[in-house]
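K.L.:
Make a model of the complete structure from these sequences and hints.
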Amino acid sequence: MCGIVGLFLKDKSLEPQLGSMLSQMLISLSDRGPDSAGIAIYGAPTGNEAKITIQSARPEQDFRNLDAELAKAIGAPVTVNVKSTHAVVRTTPDKIDEARETIQALHPDVRIMGAGDVVEIYKEVGLPEAVVDRFDVRSMTGTHGIGHTRMATESAVTTMGAHPFSTGADQCLVHNGSLSNHNNVRRELIREGMTFETENDTEVAAAYLSSQMAHGKNLGEALEGTLSDLDGFFTFVVGTKNGFGVVRDPIACKPAVMAETDQYVAFGSEYRALTKLPGIDSAKVWEPEPATVYFWEH
Amino acid sequence: MPAINVSKALDQGHIQSQASRAFDLAEVPLRELNQALHSLPPGSNETAWEVLNPKGSHSVAVGVDQPITIDVRGSVGYYCGGMNDGSAITVHGSAGPGVGENMMSGSITVKGDASQYAGATGRGGLLVIEGNASSRCGISMKGIDIVVHGNIGHMSAFMAQSGNLVVLGDAGDALGDSIYEARLFVRGKVGSLGADCIAKEMRPEHLELLQGLLDRAGVTGVKAAEFKRYGSARTLYNFNIDNADAY
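Just so you know, the protein sequences line up as chains C and S, in that order.
The C-terminal residue of the first sequence carries number 298 in the UniProt record's numbering, and the numbering is unbroken.
The C-terminal residue of the second sequence carries number 247 in the UniProt record's numbering, and the numbering is unbroken.
Hints listed in this document are in silico derivations from the structure and should not be mistaken for laboratory results.
A portion of the hints provided could be inaccurate.
What the hints assert, rightly or not - Pairwise CB distance ranges, derived in the manner of DEER restraints: (1) S:Asp24 - C:Gly193: 52 to 62 Å; (2) C:Asp231 - S:Glu226: 36 to 46 Å; (3) C:Asp231 - S:Asn243: 42 to 52 Å; (4) C:Thr141 - S:Val28: 33 to 43 Å; (5) C:Gly193 - S:Gly188: 45 to 55 Å; (6) C:Gly193 - S:Met104: 52 to 62 Å; (7) S:Gln35 - C:Glu199: 36 to 46 Å; (8) C:Glu15 - S:Val28: 51 to 61 Å; (9) C:Thr153 - S:Gly169: 33 to 43 Å; (10) S:His38 - C:Thr141: 46 to 56 Å; (11) S:Met104 - C:Thr292: 32 to 42 Å; (12) S:Glu226 - C:Glu188: 26 to 36 Å; (13) C:Lys276 - S:Ser192: 31 to 41 Å.
Unchecked claim - Heads up, incomplete: computed chain C residues facing chain S, CB under 10 Å, no partners named: (14) Ala252; (15) Val257; (16) Tyr271; (17) Pro290.
Every residue, glycine too, gets a C-beta built ideally from N, C-alpha and C.
P.N.:
Shown next, in the form of structure tokens:
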């Protein structure tokens, strides 16, 4: 089954509430998937820093002196903000790739959740409420975000098998459905030089979009490509640094509802996820059409 | 005690609202509502029910088997009114997937839109969608009548066996794929017809049937003659030896 949500704010005055709004939306869909949950939040760009969200099964050990270790290795200021099993590593944008490589070299067991100028990604095994509490997602501010609660079908119930999947800077994706040609597409993407962390079908969809966008396509064009190149059932909700997109496969058996007002665009697997949003009673509410790309950019 | 003009009071909604039993789903769990509905004895005086704050809840008023009216004030999630047998349900909002699934008799009216597979497998009664219905509307319908004021999505009336599907707007792709004996009436465009579904002549008995359905659904200002009829070409009914190589 799985439940997915997305929220793209048009009204800046709602930005301080992004984390609490998205958390509430995701928790309302808990019974669509009890295995694991995750959220990606796009914060406001600062212009002079980039960040990497990392995860460790042994955070006390791996994160204790990470800021000093990294700063010394890359020769740039580094901050590490630990939140439970995750940490957000911040440094200057020109040093971000080096920081990532250094983390992987110094701590091979630490997993990279995602990286970019603005995105932070938190995901763990457990119910949405527990995951949201663990990472204090409700207090987070931002411009847009996506979330997922998982009922696993295609691969194991692990932190790395949880959504969102991020395969490019500030790009991430959540998925309700299952892909049937993911092994073929993965092989083709590996040949292009993409790397994969899991055997999961959704990671392939995320990497496919990253690859398309790396070849110069915009978010809408990349999403359009999923309709011919990915086989299976899918409703995708996608975030980029300044964009938010939705696409459903032509059969469209995975549910989807959208709402739009002057203040926001919201997505939920079900209407239940949208009922507490401000102004929902007068919002434009519709079911996104099959095989049709929807996207918004700031 | 002064005499009361009952019919006038009913018209004004006075008696109706006084006598109706309201369940506020913001306060009361859904199971209490459905258990109360299921435990109604035949001939009960509690004939008017109201459901407040459904907020997308699943399975609102499923399995009701008494001739009561139920007004649902807001939008519902999956399977609202499923298996309905005799009640008249009105959803004053939109409905999620499977509204009126396997309805036996009675009626369901959705004032807004309906998500996928509205009226699926329905055996009787009348389902009216005043907005649009999504994909697979009337899939495997077995006697239900469905009237959609707006459009319907793809794969509607797939394997539809009997009953009538009336669409005032357009139909999506693969309408009536592998259809048996259900009748489909579409006023607007059809994206494409599914396997073994063909346009058919609208004969006087069909015009009469359709006009009756429009009247029952409260549709005014639309003539039966504006519709086209679609149904089965009946070429998939029996095994055809010429197709043996395909199996």
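K.L.:
Against this structure, judge whether each hint is valid.
P.N.:
The hints, checked one at a time:
At roughly 58 Å, the beta carbons of aspartate 24 of chain S and glycine 193 of chain C sit within the given window of 52 to 62 Å. Checking the proposed 36 to 46 Å range against aspartate 231 of chain C and glutamate 226 of chain S shows it holds: the Cβ atoms sit about 40 Å from each other. For aspartate 231 of chain C and asparagine 243 of chain S, the hinted distance range of 42 to 52 Å is not satisfied, since their beta carbons lie about 27 Å from each other. The hint said 33 to 43 Å for the Cβ distance between threonine 141 of chain C and valine 28 of chain S, and at roughly 36 Å that hint holds.
Hint check: glycine 193 of chain C to glycine 188 of chain S, Cβ distance near 49 Å, so the stated range 45 to 55 Å holds. In this structure the supplied range 52 to 62 Å holds for glycine 193 of chain C paired with methionine 104 of chain S, their Cβ-Cβ distance being about 59 Å. Look at glutamine 35 of chain S against glutamate 199 of chain C: about 45 Å separates their beta carbons, and that is inside 36 to 46 Å. Restraint check, glutamate 15 of chain C to valine 28 of chain S: a C-beta distance of roughly 36 Å breaks the suggested window 51 to 61 Å.
Between threonine 153 of chain C and glycine 169 of chain S the Cβ separation comes to about 36 Å, which falls inside the hinted range of 33 to 43 Å. Range check, histidine 38 of chain S to threonine 141 of chain C: Cβ separation about 47 Å, and the 46 to 56 Å hint holds. Remark: the range hint 32 to 42 Å for methionine 104 of chain S to threonine 292 of chain C is upheld by a beta-carbon distance near 36 Å. Take glutamate 226 of chain S and glutamate 188 of chain C: their Cβ atoms lie about 51 Å apart, and the range 26 to 36 Å is violated.
Here the CB-CB span from lysine 276 of chain C to serine 192 of chain S is close to 40 Å, well matched to the stated 31 to 41 Å. For alanine 252 of chain C, the suggested interface contact is upheld, since its CB lies about 6 Å from the closest CB of chain S, less than 10 Å. Taking 10 Å as the C-beta cut-off, the interface hint given for valine 257 of chain C holds, the closest approach to chain S being about 8 Å. Because the closest C-beta pair between tyrosine 271 of chain C and chain S is about 4 Å apart, less than 10 Å, the hint holds.
Below 10 Å, beta-carbon pairs count as interface contacts, and proline 290 of chain C has one with chain S at about 7 Å; its hint therefore holds.
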